[in-house]
Amino acid sequence: MDLDNATEVEILPSIITASYGQHSADWRKSIAELQTHRIRRCALFLTGLDHAGRNECYRLLLRARKSAPFTLPFVHTRNDMAHEEYLFLATEFGADCFNLHPTRRFPLLHVLGPELRRKVFIENDSELTPLDLVDFAGICLDLSHLEAARLNAPDRYTAILKLIQEYEIGANHLSAIRRDGTGMSTHWLDDLSQLDFLEAYPKELFGRYAALELVNPLALQLKAISRIRGFLDL
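Under my numbering, think of the first position of the sequence shown as 25, with each following residue one higher.
By construction, these hints were calculated from the structure, which means they are not laboratory data.
Keep in mind that a hint or two might mislead.
To be verified - Pairs of lysine to any residue, SDA-like flavour, derived with a Cα cap of 20 Å:
| hint | residue 1 | residue 2 |
| --- | --- | --- |
| 1 | Lys186 | Asp149 |
| 2 | Lys227 | Thr182 |
| 3 | Lys143 | Phe112 |
| 4 | Lys247 | Thr206 |
| 5 | Lys247 | Ala56 |
| 6 | Lys227 | Gln189 |
| 7 | Lys227 | Ser250 |
| 8 | Lys227 | Leu258 |
| 9 | Lys90 | Lys143 |
Please model the entire structure based on the sequences and the hints provided.
Here is the structure:
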């Protein structure tokens, strides 16, 4: 990665479909919030939905778009999604950047062509190695995972920093850090100050899209974005 040529960063609120512990994602409500808050660009995390769930999600998104147009430029996809589903997201919602968990741990169930793979970045959700990045576009750097590794797993932190020097960062996930002294990441924001760790990370570690991975309502996500934009001087 060329750290002297940082890309302009767009921070996106997100529709989250996975639940984390006691905090459940209400993705149907989030879709309705797109209209309430007149959000025109948003990320979509499909990690909690099987094929049937995704079809329902797409139907609701298409319906919502009729009254309040929006695009979904960045999508967190799943290993069970076929090439055609990516094309649908690109055609209908303007998705031009995707991320997956490492396929070494979550093998792809369908073939993704080389042109599509050049738009897919792999997340550092746990151990990430060069083998995970072969034939993909680069890294989707989850900065809360990076911070948790810095605080709790120095060897993993060092390994990720090395990869950052060698591979493109195309996107980011932004979550919070717990306030209980564990230094662990969390997808539920109790206070905006849980995002302040991001101030220590240079803008060069941000890709084109930085998507909030928080199950909080979009109204709070928008406040979080304002705070983070201040850190990055956007």
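Hints and how they fare:
no.	hint	verdict
1	Lys186 - Asp149	16 Å, holds
2	Lys227 - Thr182	19 Å, holds
3	Lys143 - Phe112	14 Å, holds
4	Lys247 - Thr206	25 Å, violated
5	Lys247 - Ala56	18 Å, holds
6	Lys227 - Gln189	14 Å, holds
7	Lys227 - Ser250	15 Å, holds
8	Lys227 - Leu258	10 Å, holds
9	Lys90 - Lys143	27 Å, violated
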